[in-house]
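Order-wise, the sequence lines are chains A and B.
Okay, so the first sequence: first residue is 3 according to our numbering, each after it adds one.
Okay, so the second sequence: first residue is 12 according to our numbering, each after it adds one.
Calculated from the structure, these hints are not laboratory results.
Computed from a prediction, not measured in an experiment: that's the story for all the values here.
The reader is advised that the hints may include incorrect statements.
[Claimed, not checked] Across the chosen pairs, the derived CB separations fall in these ranges: (1) B:47 to A:63: 40 to 46 Å; (2) B:153 to A:154: 52 to 58 Å; (3) A:139 to B:37: 45 to 51 Å.
[Stated by the list, open to error] Capping the alpha-carbon separation at 30 Å, the derived lysine-lysine pairs in DSSO-like fashion look like this: (4) A:84 to B:211; (5) B:108 to A:168; (6) A:168 to A:48.
We treat Cβ as the ideally placed atom computed from N, Cα and C, and that holds for glycine.
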Amino acid sequence: MADVVYFYMDPASPQCYRAKQYLIEKGIPFMELNLAEDPAARETYKELGSPPLPVFDIDGKLVSGLNYQRLDEAWVSFALEKGYLREAPPLDEPVSGGELSDVIALAHPGPATIEYVAIAAVLTMVTLLEVGIFYLESLGSALMPILLSLSSLKFVLVVSFYMHLKYDSRLFLSFFAAALLIVVALAVAGMALFRALV
Amino acid sequence: MKEASVPVHSGEVMETSTGLDHRKLLIWMFLASECFFFGTLLATYLVYRNKSLVGPFPEEIFDIPVTSVSTFVLLTSSLAMVLALAAIRRGDQRGAKVWLFATAILGLTFLGFQGFEFYEFGNHERVMPCTPGLQVEECLMGATEYPEPYGLTPRTNVFGSTFFTLTGFHGAHVTVGVIWLLSLWIMALRGELPQRENLKVELAGLYWHFVDIVWIVIFTVVYLLGG
Chain A
3 MADVVYFYMD
13 PASPQCYRAK
23 QYLIEKGIPF
33 MELNLAEDPA
43 ARETYKELGS
53 PPLPVFDIDG
63 KLVSGLNYQR
73 LDEAWVSFAL
83 EKGYLREAPP
93 LDEPVSGGEL
103 SDVIALAHPG
113 PATIEYVAIA
123 AVLTMVTLLE
133 VGIFYLESLG
143 SALMPILLSL
153 SSLKFVLVVS
163 FYMHLKYDSR
173 LFLSFFAAAL
183 LIVVALAVAG
193 MALFRALV
Chain B
12 MKEASVPVHS
22 GEVMETSTGL
32 DHRKLLIWMF
42 LASECFFFGT
52 LLATYLVYRN
62 KSLVGPFPEE
72 IFDIPVTSVS
82 TFVLLTSSLA
92 MVLALAAIRR
102 GDQRGAKVWL
112 FATAILGLTF
122 LGFQGFEFYE
132 FGNHERVMPC
142 TPGLQVEECL
152 MGATEYPEPY
162 GLTPRTNVFG
172 STFFTLTGFH
182 GAHVTVGVIW
192 LLSLWIMALR
202 GELPQRENLK
212 VELAGLYWHF
222 VDIVWIVIFT
232 VVYLLGG
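I would like the entire structure built from these sequences, with the hints used as guidance.
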């Protein structure tokens, strides 16, 4: 079995159409099992006990009917277990159903809007602090480690939250961190070679 | 490796061996390559730091308060970018248009600051004393000091070469980002950026935030630690 949601659906059903749109919006990988056209899918569905459609089979766990919150929770716990997600995302109030335009982007892992603004405020304060510290002549040689630490903090905040790396697949982090490590090593080696390290 | 289906557009399903969208994986690989690009330019700047034979030198030319404002502008643009993505994800078309445009405008403002800074650096002058026999108009007219051209260009010294290469390429990346964002904004205006296409905004956002973090590093390492 692949690491996807097996999505049993009837193409004539509006609930199933909404369910499919929801899976697409959320970016949840799924394998569509069309009960009207696929006899093998019909057999499997019968073996499952023909529960009310739409049916989501997530690694053997069944979510029957269009319940966005239960689907989100089932997918998130599966994704955490398999390593597609590294953090449990904050979940807000459940979606009541209804038209697609009413779907709130909850359970998409990541900060809420107010948290993005808070992070921006922190980034601004840290920048002000850096500039303030720059004018403190008394710091001497302590200036470099302090400024590098503060800018590293800003770097990590933007990469983790704005670029979503805290919540996304480890594969992305691997690419990025590996590249950073190699280039920093290259820079330090180059500076040492040309006697530019202070 | 496990096979998985990744939904692309409504009705289409794409097989990937990671379960992740090709485009998102590719953008991260691209950003990794951009780490090498900017990392090596920054390394070159650092190797040549304090090795210029003639001025202007960093401490003579940098205007930290002005550059701090441009840094703040770019940081704010990253906030606008995440708000644009949040808007498109919840189906808020109006919000997406507003925040995409705001991000682009803030990016253009940053470029304006950069253009102003490059112009000021190129036309920088320093005050020099009038010495006897000096054939300078102001001195011949009886002044005790005169403004001497003391501009910084890529050809002036090693500091100029490495500084303009690094910040110039960063500015070029910001320009590409602004064009990308304005393209998305026009798509949104034409109703061609529905909620299910939110990945397009996410990919542009990843590029934009990367350009921002490169500037975070440049601002600290080149400007604040420059002298």
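* Are the Cα atoms of residue 108 of chain B and residue 168 of chain A separated by 30 Å or less? -> 27 Å, holds
* Asked: Hey, residue 84 of chain A versus residue 211 of chain B, does the alpha-carbon distance stay inside 30 Å?
  -> Since the Cα atoms of residue 84 of chain A and residue 211 of chain B sit roughly 26 Å apart, the hinted pair holds (cutoff 30 Å).
* Asked: Is 40 to 46 Å right for how far apart the beta carbons of residue 47 of chain B and residue 63 of chain A are?
  -> Holds - the Cβ-Cβ distance for residue 47 of chain B and residue 63 of chain A, about 43 Å, lies within 40 to 46 Å.
* Mind checking the hinted window 45 to 51 Å against the Cβ distance between residue 139 of chain A and residue 37 of chain B? => At 47 Å between Cβs, range holds.
* Determine whether the Cβ-Cβ distance between residue 153 of chain B and residue 154 of chain A falls within the hinted range of 52 to 58 Å. => 55 Å, holds
* Asked: For the pair supplied as a hint, residue 168 of chain A and residue 48 of chain A, is the alpha-carbon distance within the 30 Å limit?
  -> Answer violated: residue 168 of chain A to residue 48 of chain A is near 40 Å, above 30 Å.
Going down the numbered hints, you'll see the structure goes against just number 6.
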